[in-house]
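**Student:** Sequences listed follow chains H and L, in order.
Position one of the first sequence corresponds to residue 1 (the numbering used here), numbered consecutively onward.
Position one of the second sequence corresponds to residue 1 (the numbering used here), numbered consecutively onward.
No lab work stands behind these hints, which were simulated from the structure alone.
Idealized CB from N, CA, C, for every residue including glycine.
Certain hints may be false.
[Claimed, not checked] Chain L residues, not near chain H, derived (Cβ > 10 Å throughout):
# : residue
1 : 35
2 : 45
3 : 162
4 : 265
5 : 275
[To be verified] Calculated lysine-lysine pairs in the DSSO-like style (CA-CA distance at most 30 Å, straight line):
#  : chain 1 : residue 1 : chain 2 : residue 2
6  : L       : 54        : H       : 262
7  : L       : 54        : H       : 42
8  : H       : 54        : H       : 74
9  : H       : 26        : L       : 54
10 : L       : 100       : H       : 100
11 : L       : 54        : H       : 303
12 : H       : 54        : L       : 346
13 : H       : 54        : L       : 196
14 : H       : 304       : H       : 340
15 : L       : 100       : H       : 265
16 : H       : 54        : L       : 265
17 : L       : 54        : H       : 346
18 : H       : 54        : L       : 42
19 : H       : 26        : L       : 42
20 : L       : 42        : H       : 42
21 : H       : 54        : L       : 275
22 : L       : 265       : L       : 280
23 : H       : 304       : L       : 54
24 : L       : 340       : H       : 54
25 : H       : 54        : L       : 303
2 protein chains.
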Amino acid sequence: MSYLDNLRAVTPYVPGEQPKAENIIKLNTNENPYPPAPGVAKILGEIGGKEDRKYPDPTAGRLTEALAGRYGVKRSQVFVGVGSDDVLGMCFLTYFNGNKPILFPEITYSFYPVWAELFRIPYETVALREDFRIAPEDYRRENGGIVIANPNAPTGIALSLSEIEEIVAGNPDSIVIIDEAYVDFGGESSLSLLDKYPNLVVVQTFSKSRSLAGMRIGFAIASEELISALQSVKYSYNSYTMNHAAILAGTASVEDEEYFVKTCKQIVRTREWAKGEFAKLHFTCTDSRTNFLFVSHASVPAKKIFEELRARNIFVRYFPLPKIDNFLRITVGTDEEMEKLFAALKEILAACRTGGIL
Amino acid sequence: MSYLDNLRAVTPYVPGEQPKAENIIKLNTNENPYPPAPGVAKILGEIGGKEDRKYPDPTAGRLTEALAGRYGVKRSQVFVGVGSDDVLGMCFLTYFNGNKPILFPEITYSFYPVWAELFRIPYETVALREDFRIAPEDYRRENGGIVIANPNAPTGIALSLSEIEEIVAGNPDSIVIIDEAYVDFGGESSLSLLDKYPNLVVVQTFSKSRSLAGMRIGFAIASEELISALQSVKYSYNSYTMNHAAILAGTASVEDEEYFVKTCKQIVRTREWAKGEFAKLHFTCTDSRTNFLFVSHASVPAKKIFEELRARNIFVRYFPLPKIDNFLRITVGTDEEMEKLFAALKEILAACRTGGIL
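Extracted from the complex, chain H is given alone in its bound form (with noise of 0.2 Å):
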């Protein structure tokens, strides 16, 4: 008997890196290459630290209200926490605790099956169909609750809402969780099926659309007793996760609403745009309706151009794993960041024919 001998046993995971050098071009965590919303700055001037003696408003009352607002939704159907990953681990927390099987896809965000484990909490992954998109079929097996990312990651490929709304209306009784962690770049949201369907979780996040991943904002949309049901657990936790900071930045984000559609459309046309250049350059390129492209190349081995890229400070993500290893996923970020971006890989291509492996 040791001290050490009730420490929970969890494979660590590992975040993604964030080199701190200047000078380099980072494409490697989906960030949005455009500051936050101007109210953001505002805000965050005025406070000044005047406020933070005192605790946050545990209710988040000022943001929550804003996004009910945004969202035309009751202000008790919205859940906020710190970032999606705040969300989502509470989600798995609080709704997943049967005895059946979670489901979610094999390629989807690394997180999910990281949460499983560290609440012991027992899950099976749904293999893709060849093209790497997500059959809504495969998920009308026994469960004990269902998660889709929606846009899937790193793949980049969305489920339109009438097979977003198979997998839920197939799933009376269990909860399915939709993590629209990427919607606003070109997806459907599933909240329009909240109404229909009280076992929907919606799932977004501040940190790729609102570009406020430094302030770690997510939040949750569904009926009111699930919302009840998280916020219950979420008190018996931590009442004050969101910090003053982290609230006005929020709902002074949410209140931009032009800004937040003029940026992501930015994005979105740079993304059209990027997906012809890979194209002539002989990469494939998956229908991506997010900040990323989930790009593999004719015959250069993707790690060989991740390793490349790198060594001219250009980030981007490579995943050493089973079906995607000869992929990257590569953040969107401005016009003259993917300039310079394939500027880089012609140079590394045109390298490659002269050695060889073209």
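Since the structure of chain H is already known, use the hints to place chain L on it.
**Tutor:** Positioned in the frame of chain H, the structure of chain L alone reads:
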């Protein structure tokens, strides 16, 4: 079978009241009446949302480094989280996985049983002595871990370093967490025991002595081995828990030792003066080493005083719980706030005398 069958059932914890009205004297949640260090306002004004589009440093490196420097430990011995509630919650989840009950005092921070229930950790509470003191010899029984708030809440009473050592040394096979939320106001920190006892974990917060309740910052210091286990669980839950603003604000606070010492001393001075004032009004007062006082009047019920103060816009904390339901927990405010409190108390006691209660 229903989608609701797998919900985690918890008794929701209701956070303390955060009244929104102006002109109130808020002495109910042990906030610090002084603003955070001037550097905090400065840094928040400067960041102005610019860095918010990127993910924060998942290791909260600057803050961790500042804390390691301040407390004379290695960086790998420091864990930071979203308030000490997040840190303590992670500690419960990480350290208390055995089948034997964990132990904590019967009267203490009310979150301990809530976390135990949330994570299904068996627990037993240990009675206090008649005078509300913790009896170290009572922690010599078989257990799966121990948590002691020192100074304890809501009594404010501190154990000496040798009494803490008695508990830690007497339980070499258990992890012992010392929750030092209030230690900077006159308790003895157990940090000096760390070199001797690898089963010790010390938790502190920025919410009290550093006036940063609004930013949600807490930390644990322990052996590298125990901190590493905590990091693994944290990274398995949420890689980025501390937002950008919290990392910078916390660092700015740690860097201003002079301001920290000055404001802590001011709170202690006000507290000691207040003890005398309470005695004059026939209140008994525990020997509080915190930023709050735990008081009971010789003849007027605590509940009555609580309600009368509230009617005068002075918020203090009343716990309708066995053994402490005739006590009030009153945060040490500014001298001016405390003078208003005593004026109100005199008025209330005079009215009780006239009304025949006294």
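**Student:** It remains to establish, for every hint, whether it holds in the given structure.
**Tutor:** Verification of the hints:
At the 10 Å boundary, the C-beta of residue 35/L falls inside the reach of chain H, the nearest C-beta of that chain being 6 Å off. The non-interface label for residue 45/L is inconsistent with chain H: the shortest C-beta to C-beta separation is roughly 5 Å, within 10 Å. The beta carbon of residue 162/L sits about 21 Å from the closest Cβ of chain H, which is more than 10 Å, so the claim that it is off the interface holds. The beta carbon of residue 265/L is kept farther than 10 Å from every beta carbon of chain H, the shortest such distance being approximately 17 Å.
Distance to chain H confirms residue 275/L as a non-interface residue, since its nearest Cβ pair spans about 23 Å, more than 10 Å. With a C-alpha separation of about 19 Å, the suggested pairing of residue 54/L with residue 262/H holds against the 30 Å cut-off. Taken as a hint, the residue 54/L and residue 42/H pair is honoured in the structure, with Cα atoms around 18 Å apart against an allowance of 30 Å. For the hint pairing residue 54/H with residue 74/H, the CA-to-CA distance comes to about 27 Å; that is within 30 Å, so the pair holds.
Distance restraint check for residue 26/H and residue 54/L: the Cα-Cα separation of roughly 10 Å lies within the 30 Å cut-off, and the hinted pair is therefore satisfied. Proposed proximity of residue 100/L and residue 100/H is supported: the alpha carbons are some 27 Å apart, at most 30 Å. Taken as a hint, the residue 54/L and residue 303/H pair is honoured in the structure, with Cα atoms around 25 Å apart against an allowance of 30 Å. Of the pairs offered as hints, the one joining residue 54/H and residue 346/L holds, with about 28 Å between alpha carbons and a cut-off of 30 Å not exceeded.
A threshold of 30 Å between alpha carbons decides the hint, and for residue 54/H with residue 196/L the separation of about 37 Å lies outside it, so the pair is violated. For the hint pairing residue 304/H with residue 340/H, the CA-to-CA distance comes to about 18 Å; that is within 30 Å, so the pair holds. Between residue 100/L and residue 265/H, the direct Cα distance comes to roughly 57 Å. Violation of the 30 Å bound is thereby established for this hinted pair. Between residue 54/H and residue 265/L the CA atoms are separated by roughly 19 Å; this keeps the pair inside 30 Å, and the hint holds.
Taking the CA atoms of residue 54/L and residue 346/H, the gap is about 28 Å. The hint holds against a cut of 30 Å. For the hint pairing residue 54/H with residue 42/L, the CA-to-CA distance comes to about 18 Å; that is within 30 Å, so the pair holds. Distance restraint check for residue 26/H and residue 42/L: the Cα-Cα separation of roughly 28 Å lies within the 30 Å cut-off, and the hinted pair is therefore satisfied. At most 30 Å may separate the alpha-carbon atoms for a hinted pair to count; residue 42/L and residue 42/H meet this at roughly 14 Å.
Distance restraint check for residue 54/H and residue 275/L: the Cα-Cα separation of roughly 24 Å lies within the 30 Å cut-off, and the hinted pair is therefore satisfied. Among the hinted pairs, residue 265/L with residue 280/L is consistent with the structure: their alpha-carbon atoms are about 23 Å apart, no more than 30 Å. The hinted pair formed by residue 304/H and residue 54/L meets the criterion: a straight-line CA distance of about 26 Å does not exceed 30 Å. Pair hint residue 340/L plus residue 54/H holds up; C-alpha atoms about 20 Å apart against a cutoff of 30 Å.
The straight-line distance between the Cα atoms of residue 54/H and residue 303/L is roughly 25 Å, inside the 30 Å bound, and the hint therefore holds.
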